[in-house]
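*Asks:* Below are the chains, spelled out letter by letter.
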Amino acid sequence: MAERIRAWGVVGTVPRVAAAGLVGFALLYIVVIAEPPPEIGGNWRTTSSGSAIDDWQSFAITLLNGLTFAGWLFIVASGFSLIFGLMRVVNMAHGSFYLLGGYIAYEIQQSMTGQGFSLQSSEVTTWEWVYPALVACSVVGVVGLIVQQVFLRWNMGQELRQALITIAISVIIADQIIGHFPRHVPEGTVKFGGNAVGMAWPGWANIRIELPLTGIDYSLARLIVLFLGVMVGVLLWLWLHRTRTGMVIRAGVDDRQMTSALGVSIQSVFAIAFVVGSALAAFGGVVGASQGNVASGQDGQWLLYSLVVVIIGGMGSLLGAAAGSLLYGLVFSFAASYLPTTGNECCTNYAIVFTFVLLALVLAFRPQGLFGRIG
Amino acid sequence: MSRLDAKTTVERVIGVVLLLVAALGPQLFNDYWLDVILTQALLLGIAAASLIFLSAYGGMVSLAQTALMGIAGYMLGNMVTQSGPGGESKGLVLGWDPTLALVLAIVITSVIGLIFGALASRSFGIYFLMLTLTYAVIANLFFGSVTQFGGFSPIAGVNEYTPSFVGDIATDRDRLYYIALAVSAVVYVLIRYMTRTPFGIAFAGIRDEPVRMASLGYAVPLHRMLAFGFAAFIASLAGILYVWWNGQIAPQDMGLGPTIDLLIIAVIGGLGRIEGAWIGAFAFIVINNYVVNWVPTGGLPVVGGRFNTIIGLVFLTIVIVSPDGLTGLWDRIWDRARRRGGPPQVEVETREAAMGTSSS
Amino acid sequence: MRVRRWKLVLPLGVVAIAATALVSTSLAAPEAREVRVAIMTDCKGAFGANYENDIGGAQAAFAQYAGGKPKSKQKPSAGMTGIKVGGTSVKIVGYGCGDDTAPTAIKETRRLMEGLKADVMVGPLSGDEAVAIANYAKGKPTKTFIIGTAASQDPTMQIAPKNVFRYHGDGAQWNAGLGEIVYKRLGWRNAAIIMDDYSFAWTSAAGIIADFCGIGGKITKRVFPPLNTTDYASYVQQLPKPDQIDGYFWVVGGTGTGVSLKAMEQANGKIDPKQLAGNLFLIDGAAGKEVAPLYPGAYVGGFGSAPGLKTAQVKRYEAVMKKWYPTQAKAAASGFVYNYYNAAWALVLGLQKSAGVVGAKLQASMPRTLASGYQVSNKGLVKLDSRRQAIQDQFQLQIGKGGVPSIVGFVPNVDQTFGGVFGPNKPAPGRAFPPCTKRKLPWQGKIRVVKNGVVTNQVIK
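Chains as they are written, first to last, in the numbering used here: chain H, 45 to 419; chain R, 4 to 363; chain V, 25 to 485.
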């Protein structure tokens with residue numbers, strides 16, 4: 045029996061080598077092995093744009109797509125991770141908060157601009173983007189506060205019960221969104237719950253700029269998403285490491301009982317963290333609505349993204365959320381672009397498999413995630 | 004005489020009566036009730052039983068059971084359907100022998116369950132829940148996007164190809180009902196038996212004291228992996244019954260909605276007792292079928308929204324008021340009666356483990 | 025045993041009462057001789073907004089041809105009474121509420137056909153739903169299904185049960201002629217296509233590809249984003265750059281139409297409408313209202329109807345709609361209203377001929393031709409082929425100022441097989457099917473110019 049424990053407790057050399065080989069091959073494939081596609085058909089080496097050596101611009105754009113998507117992921121997932129890290133609450137309603145934020149911001153932008161449904165960026169000023177975002181974050185922050193105070197405060201520590209409660213809340217919020225949003229619909233169409241609606245970036249952001257040295261034109265809006273992600277990360281870091289509240293939060297993460305025994309009001313810290321976490325979900329929704337749109341059903345998608353990111357990165361760690369977002373964003377982007385195109389039947393549709401592979405690789409070696417702590 | 008015995012007796016009597024009613028199902032109920040309510044309740048009950056088995060005896064609340072059901076359905080669908088005129092167009096359309104396909108579908112799903120279980124075997128409590136939810140969503144997206152296995156559209160006509168010992172269940176729905184009933188009974192007995200074997204006892208021990216069990220020499224991750232594989236096997240049976248019942252399988256059958264529905268079923272029934280699976284499934288489906296009819300199309304009065312708001316509120320109430328569901332409520336009623344009645348304080352099976360009082 | 029008696033009796037009593045209640049409800053079934061009809065549509069999901077339109081279309085036909093009285097002229101789903109065909113009364117037993125997915129469609133179909141005991145279904149609304157229901161129909165030969173407005177090919181091609189009828193075109197038929205129009209009008213020779221990776225988009229794209237390649241165009245790249253992708257950047261990046269290609273066929277729907285075009289513009293700058301063509305996703309519903317105004321001049325595929333066509337038959341149809349449901353009449357040219365209307369009308373004609381008998385007799389009596397509104401050729405009659413699928417005129421559109429589409433091309437008598445490209449023994453449309461090959465389609469070179477809603481004799485060059 046003892047040997048068996050060892051065999052299970054410590055991962056042996058063989059899987060390590062296999063995993064390293066797999067990752068190495070994937071990198072090698074992208075950088076050298078892949079070839080540009082022929083006129084018809086193709087084989088295991090042919091991809092849409094060929095390897096990084098064949099077409100380094102496509103490679104650079106794919107990289108940028110991955111990084112910018114990672115920024116977006118981070119905005120949403122950092123809030124999820126913050127709440128989990130401090131309170132051990134898996135907020136299953138995080139995706140619903142994302143959606144709620146997106147819809148609220150949409151409605152406000154519509155009533156501010158009065159331009160109607162097919163709103164163009166050129167008609168939107170900076171304030172007409174920032175104000176809706178601020179309101180959406182505040183409103184959803186308050187919703188989060190209510191949820192925490194009414195449903196989660198009195199059953200601290202009952203993790204599963206809290207997860208079930210947030211599931212119930214997510215079911216209700218998702219249905220209420222269908223019941224009440226969107227309110228601004230184009231003339232001549234039926235007002236219908238949960239329809240897809242999009243926001244517009246302010247005019248100056250929705251352009252393409254030439255990146256220095258490369259000659260690549262890239263969307264400024266996408267770079268802004270990345271910038272916003274980094275800003276959220278930096279601000280959270282400063283908050284957690286340079287302010288008193290942040291120190292209390294970190295102390296609470298380490299030892300909840302001890303912190304409250306020292307006379308710190310841990311409950312108010314919980315409340316603040318929940319407000320911030322929910323507001324981040326809403327902010328992610330605003331970014332999502334501007335980049336694409338919000339529609340009922342996306343709540344589940346964003347719950348999944350948040351889960352994957354924090355499982356990879358490690359629960360409750362800011363650095364983990366960043367690492368998880370980065371890895372997932374890059375895998376997402378490269379899998380879609382660099383899978384072989386052997387004719388039309390294969391293989392870009394296998395992109396989703398790589399999400400699972402990423403998860404499996406991380407969990408096989410670090411069940412607690414890259415930056416998570418055990419227990 | 005302890006009152007616990009009285010409770011057991013009552014439960015047995017109810018059980019026998021229900022079994023009798025169930026056995027006479029086709030005589031007592033109309034086609035719609037039999038097919039849509041009862042058969043569905045039986046097969047979802049099986050899936051919920053696999054979830055409750057893991058949670059009650061292993062403290063592992065798995066959200067992957069619906070996905071495993073779907074995987075079994077997809078395996079069967081891809082293997083049995085035939086191409087050509089009158090056949091099907093989605094998926095691999097291999098046209099294999101239905102008996103072989105049936106066995107393979109169950110085996111493959113169980114193996115996938117073991118792999119999932121191996122990866123999750125060192126995650127506990129809420130981490131386990133999150134990880135299994137991730138499995139569920141990935142499985143859903145996988146079958147939704149990999150067009151070779153069917154893609155976003157359903158693989159239909161699966162129940163036209165059944166092994167000869169199963170017979171024509173596409174039109175003879177009473178037959179399917181009895182099969183579901185028999186499988187339910189077997190699964191119930193199997194799980195009850197499983198929990199009494201040395202493996203089952205060790206598994207329950209791991210739930211309560213993983214560290215102590217490990218130091219006693221038990222391979223904790225291995226036990227949890229095997230239990231997950233066993234639960235995947237049960238879920239695969241439910242999955243097979245589901246495609247036979249539904250005729251088709253689509254990615255949406257294993258989406259977030261059905262995944263949460265199964266959890267709701269298990270929670271309504273009670274995460275502490277296997278019987279709760281079928282009770283919860285029956286209650287959920289009846290609510291699902293009849294409440295939807297009196298929700299106005301314009302939405303609910305005052306709050307707006309539709310049917311799901313009601314389901315959400317019911318679920319929320321149950322989790323807040325009686326987190327151990329209907330069976331937990333039943334147990335507590337007896338518990339209270341016993342306390343009122345007098346001294347003998349016999350320990351009732353602990354439900355806390357299932358609700359994870361604190362596992363951090 | 026010191027068991028208190030009531031503790032045993034109470035649960036047993038509850039069980040007994042419950043059982044009796046169930047049995048008594050289950051045995052009490054109303055049995056007067058009447059035809060029971062269910063209307064299956066979507067009230068949730070991507071097409072949920074068309075719930076009233078679908079019901080309105082179907083019920084307008086019941087009101088006009090079978091004496092039905094709407095309970096509310098504004099809200100068709102309020103119900104309809106007094107429908108009578110010959111001496112038989114027809115009862116609408118319920119409205120199905122789908123969400124554009126097959127599982128829900130089957131669940132609702134069971135509720136309507138088994139729970140509410142409908143004999144006939146008018147519906148469903150979308151492609152995957154129709155595939156699921158056609159398979160369900162195989163096991164219920166006595167029930168009759170008249171598809172409301174669904175675009176998948178399989179229900180009347182590969183599956184084709186004898187009790188399933190469709191009086192409108194499938195998604196490929198709707199796009200017949202579009203490829204030829206952009207080939208001739210805009211001089212496209214090489215084009216790329218981006219489509220959702222599922223059956224409706226494949227079918228829709230199949231019509232475009234067969235037509236464009238048939239006249240001699242080349243599809244140089246096919247890109248398949250999964251339905252409702254969050255970030256389309258990686259997929260639009262796989263498309264050739266605008267200067268390497270004549271144009272793009274855009275077949276991305278669901279919630280993705282606007283998002284994918286946003287991603288395209290972020291990657292390549294503003295798209296010239298002359299380089300963009302697509303299927304009805306670009307103009308239909310709320311998503312279309314968002315997108316269409318941005319691309320005036322782009323050609324798009326139709327919906328089997330002809331918004332703005334001026335013929336006597338169209339006037340009659342629109343007058344009927346206006347008489348019974350003025351609100352829904354505004355969308356009369358939408359396939360949602362129009363196709364449901366035709367389905368219900370065909371049912372009335374079938375019931376007249378079968379003298380109110382349902383089952384096999386009704387199926388034998390269903391009309392083989394129908395004088396439906398927007399049909400022009402064949403003396404204004406839509407014909408059914410041997411697999412009970414409509415052979416129907418198609419009208420292709422161009423987006424005008426403000427996003428309002430107008431008809432520009434008339435494609436006569438489009439059949440489901442495209443003159444042999446598709447067939448019951450061929451694969452259903454998919455990622456690679458049909459391949460891009462030059463071939464003679466029945467309507468090639470016969471597409472006529474439509475000017476101000478009037479079909480001219482001039483052929484599109």
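Source of the hints: derived by calculation from the structure; they are not laboratory data.
Positions of the beta carbon are idealized from the N, C-alpha and C atoms, including for glycine.
Hints are not guaranteed to be accurate.
[Unchecked claim] Across the chosen pairs, the derived CB separations fall in these ranges:
no., chain 1, residue 1, chain 2, residue 2, range
1, H, Val186, V, Gly293, 38 to 48 angstroms
2, R, Leu103, H, Thr386, 40 to 50 angstroms
3, R, Asp171, V, Ser389, 58 to 68 angstroms
4, V, Pro459, R, Phe202, 31 to 41 angstroms
5, R, Asp171, V, Pro459, 56 to 66 angstroms
6, H, Leu363, R, Leu316, 53 to 63 angstroms
[Said to hold, decoys possible] Simulated coverage check for chain R against chain H, where a stretch passes if three residues somewhere in it have a Cβ under 8 angstroms from a Cβ of chain H:
no., region
7, 72-78
8, 125-134
9, 192-199
*Asks:* Does each hint hold? Answer for all of them.
*Replies:* Going down the list of hints, with the structure as the test:
In this structure, valine 186 of chain H and glycine 293 of chain V meet the distance hint of 38 to 48 angstroms, their C-beta atoms being roughly 40 angstroms apart. In this structure, leucine 103 of chain R and threonine 386 of chain H break the distance hint of 40 to 50 angstroms, their C-beta atoms being roughly 30 angstroms apart. Taking the beta carbon of each, aspartate 171 of chain R and serine 389 of chain V are about 29 angstroms apart, not inside 58 to 68 angstroms as hinted. Distance hint for proline 459 of chain V and phenylalanine 202 of chain R: a CB-CB separation of about 56 angstroms, inconsistent with the stated range 31 to 41 angstroms.
For the hinted restraint 56 to 66 angstroms between aspartate 171 of chain R and proline 459 of chain V, the CB-CB distance of approximately 39 angstroms leaves it violated. Here the CB-CB span from leucine 363 of chain H to leucine 316 of chain R is close to 39 angstroms, at odds with the stated 53 to 63 angstroms. Coverage of the region 72-78 of chain R by chain H is violated. Counting CB-CB distances below 8 angstroms, 0 residues qualify, and the rule asks for three or more. Interface restraint, the region 125-134 of chain R with chain H: holds (8 residues with C-beta to C-beta distance below 8 angstroms; minimum three).
For the region 192-199 of chain R, the stated coverage by chain H is violated: 0 residues have a C-beta nearer than 8 angstroms to a C-beta of that chain, whereas at least 3 were required.
Hint violations for this structure: numbers 2, 3, 4, 5, 6, 7, 9, all remaining hints satisfied.
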